[in-house]
Amino acid sequence: NITCISVIEHEVDFKKFATEVSRLLTEAGKLYVTFDYWTPKLKPDFKLYDKLWNPLDENDTKNLIEECKSCGLNLVEPVDWSLGNAVIEPGYFSPGANISYTFGMLVFQKN
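So for the sequence shown, our numbering puts the first residue at 421; every next one is plus one.
Bear in mind the hints are in silico, worked out from the structure with no lab data behind them. Be a bit skeptical, because a hint or two may be false.
Quick list of in silico lysine-lysine cross-link-like pairs, BS3-like style, CA-CA up to 27 angstroms [stated by the list, open to error]:
id, residue 1, residue 2
1, K436, K450
2, K482, K471
3, K436, K471
4, K461, K482
5, K463, K436
6, K482, K463
7, K489, K435
8, K489, K450
FRET-style restraints, in silico, Cβ to Cβ [said to hold, decoys possible]:
id, residue 1, residue 2, range
9, A448, G516, 15 to 25 angstroms
10, F466, N505, 17 to 27 angstroms
11, L444, E509, 28 to 38 angstroms
12, P460, I425, 16 to 26 angstroms
13, V507, V427, 42 to 52 angstroms
14, P515, T446, 34 to 44 angstroms
15, P510, R443, 33 to 43 angstroms
16, E447, S514, 37 to 47 angstroms
17, F523, E431, 12 to 22 angstroms
18, S426, G449, 17 to 27 angstroms
19, A517, L444, 33 to 43 angstroms
20, K436, Y469, 12 to 22 angstroms
C-beta: ideal position from N, C-alpha, C; glycine also.
Construct the complete structure from the given sequences, taking the supplied hints into account.
As structure tokens, this is what we get:
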């Protein structure tokens, strides 16, 4: 199994990521991915960890799912697209003023 926690939103190429994960996983292996998430799209103009910070929105997440699917990595469960309250808010661990967001999590299995 492979776990990727809050990395994918830092300039990760989804196609390269999915290709490498698929290469590394054994049959029936799982990929656990968490990421910063908000809809509508957040467009911060600063870097975190020396990489542009690009929190995913629904469209980005669907692109990630499609890239994984093209590499034989399929979602274990359907995505619940409902958006609850932001868990990260200005003054509470937010990296920027007026930026609120939550986290997404996807689990894939190599078939």
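Please list, smallest to largest, the hint numbers that this structure does not respect.
9 and 13
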